[in-house]
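With the hints as constraints, model all of the structure from the sequences given.
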Amino acid sequence: MKWHDGLSTLNGDYDGYILDLWGVVHNGVQPYPGVLECLQRLREAGRRVVLLSNAPRRTATVEPNLRRMGISADLYDAIMTSGECTHRMLSSRDDPWFAALGRRMIHLGPEKDVDVFTGLDLDVVTDPADADFVLNTGPDAELGEEDIAPYLPLLDRCAAQSLPMICANPDQQVIRGTQRLICAGAMASWYAEHGRDVRWIGKPYPEVYGLALSLLDVPRDRVLALGDALATDMRGAATVGIDGCWVLGGIHQEMLGGSWAQGRNPDYDLAVEEATAAGLAPVACVPSLRW
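So the sequence shown is numbered by this note's numbering: it starts at 1110 and just counts up by one.
Hints in this document: simulated from the structure, not taken from any laboratory.
Incorrect hints may appear among the rest.
To be verified - Below, computed lysine to aspartate or glutamate pairings styled on EDC-like, alpha-carbon distance capped at 20 Å:
1. Lys1221 x Glu1172
2. Lys1111 x Asp1122
3. Lys1221 x Glu1251
4. Lys1221 x Asp1203
5. Lys1221 x Asp1183
6. Lys1221 x Asp1249
7. Lys1111 x Glu1316
8. Lys1111 x Glu1254
9. Lys1111 x Asp1376
10. Lys1111 x Glu1383
11. Lys1221 x Glu1254
12. Lys1111 x Asp1306
13. Lys1111 x Asp1352
Everything numeric in this text was worked out from a predicted model, so none of it was measured.
Listed below in structure tokens is the structure:
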């Protein structure tokens, strides 16, 4: 894994980029410093860019939020999300696991995520005893987003019914501004640890990468995937056989000794140790998404 100060020294080796959103492009509130310029430089160089997010919402819902942050559609070619992938798999039922699901679904998640199943032939129920499966899109701000505890009663009831669970966001946590919040993956991990069946949709699993790569339309050996999470972004790149570039200033910044607030770059040697310990070998790392 080679240290680069930015993408300018990597750009000649790749024609297409898969970019994580939360933790790389923005922090849930605004773009990170240098991101908009970097995207503009990639576009000027004729590179293709697909934004790949574990957001448990459809792409049509994500795009306006990006626009409000100043990330305009001319800065990338397409967006793919775990929510979009989940919607398509629930709709087509081509996958045997999805084909075996019933039609009665309990939604574990906030109202803002309902577009994942809106328009599908599903009956939404509230009692696990009446459900065939659980769609987990993450915590609800009204119940709290910092701890799994408020969700344990419902998870217990779903587990008692042995309901299979779709996890539409494999992320364990995310940073919003400066605050760490849990994601759907934290609840799905609890469910799996209690012996229940979980189907994970999103990074690092191959289905969402297949969709992203089809949108990118670039040979795999000319694709670079950038992300801030080892467990999802870098493992996902390795799983589908594309080069990975670890963005050190995101979810792991504190572990690696970095700090946006204090302008402190993460420790490169420690990053190499962590990647190696995880059995991963990204080709490069950068402190942030910048040119």
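Cross-check of the supplied hints:
| no. | hint | result |
| --- | --- | --- |
| 1 | Lys1221 x Glu1172 | 14 Å, holds |
| 2 | Lys1111 x Asp1122 | 14 Å, holds |
| 3 | Lys1221 x Glu1251 | 12 Å, holds |
| 4 | Lys1221 x Asp1203 | 26 Å, violated |
| 5 | Lys1221 x Asp1183 | 26 Å, violated |
| 6 | Lys1221 x Asp1249 | 9 Å, holds |
| 7 | Lys1111 x Glu1316 | 29 Å, violated |
| 8 | Lys1111 x Glu1254 | 36 Å, violated |
| 9 | Lys1111 x Asp1376 | 13 Å, holds |
| 10 | Lys1111 x Glu1383 | 14 Å, holds |
| 11 | Lys1221 x Glu1254 | 14 Å, holds |
| 12 | Lys1111 x Asp1306 | 39 Å, violated |
| 13 | Lys1111 x Asp1352 | 12 Å, holds |
Checked against the numbered hints above, the structure breaks hints 4, 5, 7, 8, 12 and satisfies the rest.
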